[in-house]
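Chains as they are written, first to last, in our numbering: chain A, 1045 to 1288; chain B, 7 to 242.
These are calculated hints, taken from the structure and not from any lab test. Careful, some of the hints might be misleading.
[As the list claims (entries may be wrong)] Away from chain A, derived, C-beta distances all over 10 angstroms, residues of chain B:
(1) Y45
(2) G82
(3) H172
(4) R196
(5) G203
[Stated by the list, open to error] Straight-line Cα separation of at most 25 angstroms, DMTMM-like style, residue types lysine to aspartate or glutamate; simulated pairs:
(6) A:K1148 / B:E236
(7) A:K1159 / B:D234
(8) A:K1159 / A:D1186
(9) A:K1148 / B:E104
(10) A:K1159 / A:E1122
(11) A:K1247 / B:D193
(12) A:K1159 / B:E236
(13) A:K1247 / A:D1133
(14) A:K1239 / B:D95
(15) A:K1116 / A:D1186
(16) A:K1116 / B:D95
(17) A:K1159 / B:D233
(18) A:K1127 / B:D95
(19) A:K1127 / A:E1175
(20) A:K1148 / B:D95
(21) A:K1148 / A:D1134
(22) A:K1239 / B:D223
(23) A:K1239 / B:E135
(24) A:K1127 / B:D107
(25) A:K1247 / B:E194
(26) A:K1116 / B:E236
(27) A:K1116 / A:D1224
(28) A:K1148 / B:D234
Small disclaimer: the values here were computed from a predicted structure and weren't measured. Cβ coordinates follow ideal geometry from the N, Cα and C atoms, glycine included.
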Amino acid sequence: MSVTRTCRRRFWLCAITLGLAIVILAWTCGGAALAAAGAWLDIGQAPAQTDFVLVLPGGPDTRPYVAAALVKAGFAREAILLKCRPSADDLVSGFPQGHEVEEKVLLARNVPAEKIHIVDSNTVSTFSDAESLQVFLADHQDATTTIVTNDFHTRRARFSFRRVFGRDARRLYFVSAPTDRYSATNWWRHKRGLKAYGSEFLKLTYYFLRYSSGWMWASGVSLVVISGMILYRSHRQRPTAQAA
Amino acid sequence: MAVDSPPSPGPIAHHPRRRRQFWIVVVLLAGLASLILRYSSSLVIVDERLPAQVDAILLYDGDQRHAIAADWLASGRCNAILLPRRLPDRNQTLGILEPFDVYSRQTLIQLGVPENAIETLDNHDQFGEWKYVRLLRTWLEQHPEATAVVFCDRFHSRETRYAIRHVLPANQRHRVQVYALPSRSYDEQRWWRSRRGAVDYFNALIGLMYASCVGEDPDQPLTWNVDDFEWRLGDP
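Same shape as in the complex, but just chain B (with noise of 0.2 angstroms):
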């Protein structure tokens, strides 16, 4: 008879083994937050192994990349030394500022680097985000025994390599390395600790995954009109 069958467990007899579950997998991920945030570093850099003797260096992005690049050229480890001309913003378009490669330029000089073994690329055909693994297939084509060291910064080394991987053909893709440059104003290791350290995490994830997901970051026209906006502005 079903009064005397033993009752059945239903949902609610489980509540407690699931709660006990639920607090054990709180308790472990709490414990392992840090040890987890640690590792999730690693989803945004590369580390790769660096050539003693390479022809040049794109210098690209990163902390301390003139020093560093100054070094390599003085003992002896480069022979030259790229500066890849990017993609103009308002300021430079309007002549407020010169292009970014001219101040890399004067630093390397401050820095003892000869002009001669400093070649700034550019080429008015390269549009795009990854401008700068374009110029550098360019030079790779007219240098075929040359290999090249991407210097960039740390937490976007990944993504530095999926645009290597992207542009350059696979014959190519060997000759290039990628340095990835820890930056100085946080340990990269507990990079949560740092709002700066935060925010860059934050950009280079969303950089990769939209990269991954979406591709190239296509070049697009400035949308916003400024002799427009002081004219209405100045008209009301």
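Looking at chain A on its own, in the form it has when it is part of the complex (with noise of 0.2 angstroms):
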């Protein structure tokens, strides 16, 4: 048999018994590794003691539920709330603005209405919510402010509000709002919470490689040229060792 054949079915052998490994693997670990992903993206804290609670926009049935609690718990003097650049269904549905929704939220659950900050901002991502907390902290030196989101949202926030707030970025504490329905330990198993935490970890995917600072930057591309010298160099090994 030539040595080529012989190759090719070691080849084909290693691939199928690694497929079967990985799908085996998948199987009864998937679970953990999925969750362990889940869990990865909520970096959230134990609330503290701050001057300002920020609800992020989206999920009103959720986010200005914890503001609420915080502010009437003692945890933050006011709420802020953000106004968003509507999308031109938006603003001819009839349905309320996001800020208006969170705002009747507040209301509702008995925080006073001279509490209540409506930021006339136009953010239209996490990145810009960042930098209108930011306009809006300038008139307020040294204030503390808590971020509410979904908790699966948390770590991107942290990082867009500390790419913008820099070292200012010891003012702000975040806060994870639970999610209906799913969790960073189920996620996978409901429609819902294979779109939030899919498109969270796309959307995280894509301010990494936006936003990132230089040095990030590097420490990536040095990573890649690395990996790909050290493939280089075992590729080009393997002629020798085999003709030993």
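Two chains, two separate frames, one set of hints: put the complex together.
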């Protein structure tokens, strides 16, 4: 039997074994891996005493409830809401804008109207939310803020706010709002969970590529180059080993 | 003798050719990426021939759905607009917000649609993600000769058609068409160039795959108790 055929057989044997191992591993530990990936997104902290609580736009049936609870429990003095840039359809659909819904929730949960600030922003993304808060806090030097968002969104939110605030990000705290029907432990079993977590991983990748600092890019490129060199070297060394 | 025989080419001899093939595939994929992405939108979109005259529009989703429905009604292309009541979220359950169809009704009336041409479909026995199709089934049973067009978001049109095929009996399916309304926020032919387009496409693909592999998303109760959360926060 020629060397070529033997090698090809070995290759297919290895490939099939590896494929089977991956399938078995995914079957048995897949849930644990996905749960770990989901939990990785949540960097939420325990509530701390702050001056403001910011409700990040989105999740109007969870986030403002957490913010209201924080104000009522004395963890924050006032709540901040951001105005988002509405889409063309939002303007004519008749449905209240996001900040209007959030305000209704806060009022319904007995947060006094004078404790609610609506920032006249025009946000379109988590990054522009951070920029809007920075503008608002320019008039409130040394004020601390709790940022409330859904658990799966906290990592991207922290990344964005750190990029915008730099060293001032020490004044920010992140509190996770839970989600209904699914969580980090079972998101892949629910359609809404798949959409929420799936698109979050997509957005997080985009944010890392789009907003990462120079040193993060440099380390990423170095990692790719070093991996490429290692692969290339091992590839080049293979004929010598076989010849020996 | 083995020494004189020509050396076996071995696996290494194939590498340059394989490498060339690999790079050809990479270059081809890169060159055709735009084309592949453009045609990938057809995975989630269905374009159906719309009838010149229809009895009712089921207003479910999609950009400019209210304005287009009002136009159809004004021009006599349809006779009624059906608003399916969606499953309530927490804000609606607690009475903080009205159901979605109430806002839709107000918008339609502002666009000049007479109130008697709008019908809200609701039934407390119907649950699940495809409740709107079940409500339409009931309406079709009550109107045996009637036809309908479902207005939906363009990227969710194939999923909508999938739901119709699974919920409606065979004798009703041909009476319902899907109108896939395009979004003005991005060009569907270049959806990957816009953040919103990419997220919409991704969600539509997940939705379609979930429907194909698992079926309908069940209607599950709200799991988070707000009062309990407040109580625990206030009383550590």
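Against the structure, the hints come out as follows:
1. No Cβ of chain A comes within 10 angstroms of the Cβ of Y45 (chain B); the nearest lies about 20 angstroms off, and the non-interface call holds.
2. For G82 (chain B), the condition that its CB be more than 10 angstroms from all CB atoms of chain A holds, with the nearest at approximately 23 angstroms.
3. Its beta-carbon lying about 15 angstroms from the closest one in chain A, H172 (chain B) satisfies the requirement of being farther than 10 angstroms from that chain.
4. For R196 (chain B), the requirement that its beta carbon stay farther than 10 angstroms from each beta carbon of chain A is met, with the minimum near 16 angstroms.
5. Every CB of chain A is more than 10 angstroms from the CB of G203 (chain B) (nearest about 12 angstroms), matching its label as outside the interface.
6. A hinted pair counts as satisfied when its Cα atoms are at most 25 angstroms apart, and K1148 (chain A) with E236 (chain B) qualifies at roughly 18 angstroms.
7. Proximity of K1159 (chain A) to D234 (chain B) is assessed by CA-CA distance (about 23 angstroms); at most 25 angstroms being required, the pair is judged to hold.
8. A C-alpha spacing of about 19 angstroms is found between K1159 (chain A) and D1186 (chain A), which places the hinted pair at or below 25 angstroms, so the restraint holds.
9. Distance restraint check for K1148 (chain A) and E104 (chain B): the Cα-Cα separation of roughly 12 angstroms lies within the 25 angstroms cut-off, and the hinted pair is therefore satisfied.
10. Of the supplied pair hints, the one linking K1159 (chain A) and E1122 (chain A) holds, its CA atoms being roughly 5 angstroms apart against a limit of 25 angstroms.
11. For the given pair, K1247 (chain A) sits about 20 angstroms from D193 (chain B) by alpha-carbon distance, which is consistent with the 25 angstroms threshold.
12. Taking the CA atoms of K1159 (chain A) and E236 (chain B), the gap is near 18 angstroms; set against the 25 angstroms cutoff, the hint holds.
13. For the hint linking K1247 (chain A) to D1133 (chain A), the alpha-carbon distance of about 23 angstroms falls within 25 angstroms, and the restraint holds.
14. This hinted pair checks out: K1239 (chain A) and D95 (chain B) have alpha carbons roughly 17 angstroms apart, not beyond 25 angstroms.
15. Annotation: proposed proximity of K1116 (chain A) to D1186 (chain A) holds, straight-line Cα distance about 22 angstroms (limit 25 angstroms).
16. About 23 angstroms separates the Cα atoms of K1116 (chain A) and D95 (chain B), which keeps this hinted pair within 25 angstroms; it holds.
17. Taken as a hint, the K1159 (chain A) and D233 (chain B) pair is honoured in the structure, with Cα atoms around 21 angstroms apart against an allowance of 25 angstroms.
18. Only pairs whose Cα atoms come within 25 angstroms are accepted, and K1127 (chain A) paired with D95 (chain B) is accepted, the gap being roughly 22 angstroms.
19. With a CA separation close to 13 angstroms, the supplied pair K1127 (chain A) and E1175 (chain A) stays within the 25 angstroms bound.
20. At roughly 14 angstroms between alpha-carbon atoms, K1148 (chain A) and D95 (chain B) fall within 25 angstroms of each other, so this suggested pair holds.
21. Using a Cα cut-off of 25 angstroms, the hinted pair K1148 (chain A) and D1134 (chain A) holds, with the two alpha carbons roughly 18 angstroms apart.
22. At most 25 angstroms may separate the alpha-carbon atoms for a hinted pair to count; K1239 (chain A) and D223 (chain B) meet this at roughly 12 angstroms.
23. For the hint linking K1239 (chain A) to E135 (chain B), the alpha-carbon distance of about 14 angstroms falls within 25 angstroms, and the restraint holds.
24. The hinted pair formed by K1127 (chain A) and D107 (chain B) meets the criterion: a straight-line CA distance of about 24 angstroms does not exceed 25 angstroms.
25. Only pairs whose Cα atoms come within 25 angstroms are accepted, and K1247 (chain A) paired with E194 (chain B) is accepted, the gap being roughly 19 angstroms.
26. With a C-alpha separation of about 8 angstroms, the suggested pair K1116 (chain A) and E236 (chain B) falls inside the 25 angstroms cut-off, and the hint holds.
27. With a CA separation close to 22 angstroms, the supplied pair K1116 (chain A) and D1224 (chain A) stays within the 25 angstroms bound.
28. For the suggested pair K1148 (chain A) and D234 (chain B), the alpha carbons sit about 20 angstroms apart, so the restraint of at most 25 angstroms is met.
In summary, the structure agrees with every hint in the numbered list given earlier.
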